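Number of protein chains: 2
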Amino acid sequence: MLHLLRTHIEKIIPLNDDEFEFIASCFTYKKYKKHQFLVQEGEAVPYNYFVLKGLLKLVYTDETGKEHIIGFAMEDWWETDFPAYYQQTLATMSLECLEDTDVLCLQLEDYKKLCARLPKLEHFFLEKAYMGFITAQQRTISMMTTGIKERYDQLLKKYPSLVQRVPKSLLAAYLGVSRETLSRLPL
Amino acid sequence: MLHLLRTHIEKIIPLNDDEFEFIASCFTYKKYKKHQFLVQEGEAVPYNYFVLKGLLKLVYTDETGKEHIIGFAMEDWWETDFPAYYQQTLATMSLECLEDTDVLCLQLEDYKKLCARLPKLEHFFLEKAYMGFITAQQRTISMMTTGIKERYDQLLKKYPSLVQRVPKSLLAAYLGVSRETLSRLPL
Numbered sequence: 001m002l003h004l005l006r007t008h009i010e011k012i013i014p015l016n017d018d019e020f021e022f023i024a025s026c027f028t029y030k031k032y033k034k035h036q037f038l039v040q041e042g043e044a045v046p047y048n049y050f051v052l053k054g055l056l057k058l059v060y061t062d063e064t065g066k067e068h069i070i071g072f073a074m075e076d077w078w079e080t081d082f083p084a085y086y087q088q089t090l091a092t093m094s095l096e097c098l099e100d101t102d103v104l105c106l107q108l109e110d111y112k113k114l115c116a117r118l119p120k121l122e123h124f125f126l127e128k129a130y131m132g133f134i135t136a137q138q139r140t141i142s143m144m145t146t147g148i149k150e151r152y153d154q155l156l157k158k159y160p161s162l163v164q165r166v167p168k169s170l171l172a173a174y175l176g177v178s179r180e181t182l183s184r185l186p187l
Numbered sequence: 001m002l003h004l005l006r007t008h009i010e011k012i013i014p015l016n017d018d019e020f021e022f023i024a025s026c027f028t029y030k031k032y033k034k035h036q037f038l039v040q041e042g043e044a045v046p047y048n049y050f051v052l053k054g055l056l057k058l059v060y061t062d063e064t065g066k067e068h069i070i071g072f073a074m075e076d077w078w079e080t081d082f083p084a085y086y087q088q089t090l091a092t093m094s095l096e097c098l099e100d101t102d103v104l105c106l107q108l109e110d111y112k113k114l115c116a117r118l119p120k121l122e123h124f125f126l127e128k129a130y131m132g133f134i135t136a137q138q139r140t141i142s143m144m145t146t147g148i149k150e151r152y153d154q155l156l157k158k159y160p161s162l163v164q165r166v167p168k169s170l171l172a173a174y175l176g177v178s179r180e181t182l183s184r185l186p187l
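Residue numbers (our numbering), protein chains in the order written: chain A, 1 to 187; chain B, 1 to 187.
Bound-form chain A, shown alone (with noise of 0.2 angstroms):
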């Protein structure tokens, strides 16, 4: 599987083997069953995770129990609670799996061991975080601009493959509205 990876990365940096088999050391290989959860809020958050199969939500819970899907990640996205994995803080969000899912895990003291002895990484990394930024940029954009029909439609523009796998009530968690709400709507 880190076959995977390695395209993935060198799909912005090339790299030779030997530089490969390193950063494939900085790697754990994990399996996850459906429903079992990667980051738990209020714990530590010791991996930035690169999906190899499977599909993830990264959840934020509010003070009434309520449930708010911050985003999804599947095959070939990375995704953990950024902020304590980055500051090393508890976590505030919580990442479970809706499918069975396999995963490479990254400690951030490997993260940075990678990024010091391959620089060309931090460019790697830079390239995930500016598309990142502008996503969730683009994500605030669209919250105070568009309605839930328009943002649905962008959705499945951007992603068919998720909006096909994620429950319906997920994907109204993630738009902000009520299952009953985006099931009324004309899709």
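Check the hints yourself; a few may be wrong.
As the list claims (entries may be wrong) - Some chain A residues judged to face chain B by a derived CB distance under 7 angstroms, without partners named:
no., residue
1, TYR60
2, HIS68
3, TYR86
4, PRO119
5, GLU122
6, HIS123
7, PHE125
8, LEU126
9, GLN137
10, MET143
Since the hints were derived computationally from the structure, they do not count as laboratory data. None of the values given here were measured: they were computed from a predicted structure. Here a beta-carbon is modelled for each residue, glycine too, at the ideal position from N, C-alpha and C.
For this one, chain A is given, so just place chain B on it according to the hints.
This is chain B only, laid out in the frame that chain A set:
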């Protein structure tokens, strides 16, 4: 004024005089008056801006002509229509001076030249990108889960001097409420 940029970068990575001289050679200094535009919707976005002095608003205007404030920027902040700058597309937002503003301007080509010659700058920009991503994601969470009063209080706590300097009508547009709603809150 260039020393402000050096101090800013050296909070994250050390620089020697030669390195900073090269960095400085990649920036252009510009002065703008209150109400002038640095970025205009529909036009090219040649620069990313580092604010030396002053205050900017980043605005998205929807189809009905309503202005939504995506962000503010003041001393020591970077701002531009980032997707348009980085992907070299036309601006979908505008960036306008709320006060007379002095900036250092960085073209994308010069940004790439900088990172190629001084790879440690990618570490600097990576830190900035992570913080931008975290801030944008936290804003999404805040918009999904938090009332206007709490969002105003968060803003005041995080950026007290910003809240002092920005007109209340623009704070309302940032928070996504009318000026009247904001003025009825027990602030």
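Taking the hints in turn, this is what the structure says about them:
no.	hint	in the structure
1	TYR60	holds, 5 angstroms
2	HIS68	holds, 5 angstroms
3	TYR86	holds, 6 angstroms
4	PRO119	holds, 5 angstroms
5	GLU122	holds, 4 angstroms
6	HIS123	holds, 6 angstroms
7	PHE125	holds, 6 angstroms
8	LEU126	holds, 5 angstroms
9	GLN137	holds, 5 angstroms
10	MET143	holds, 6 angstroms
Comparing the model with each earlier hint shows no violations; every hint is respected.
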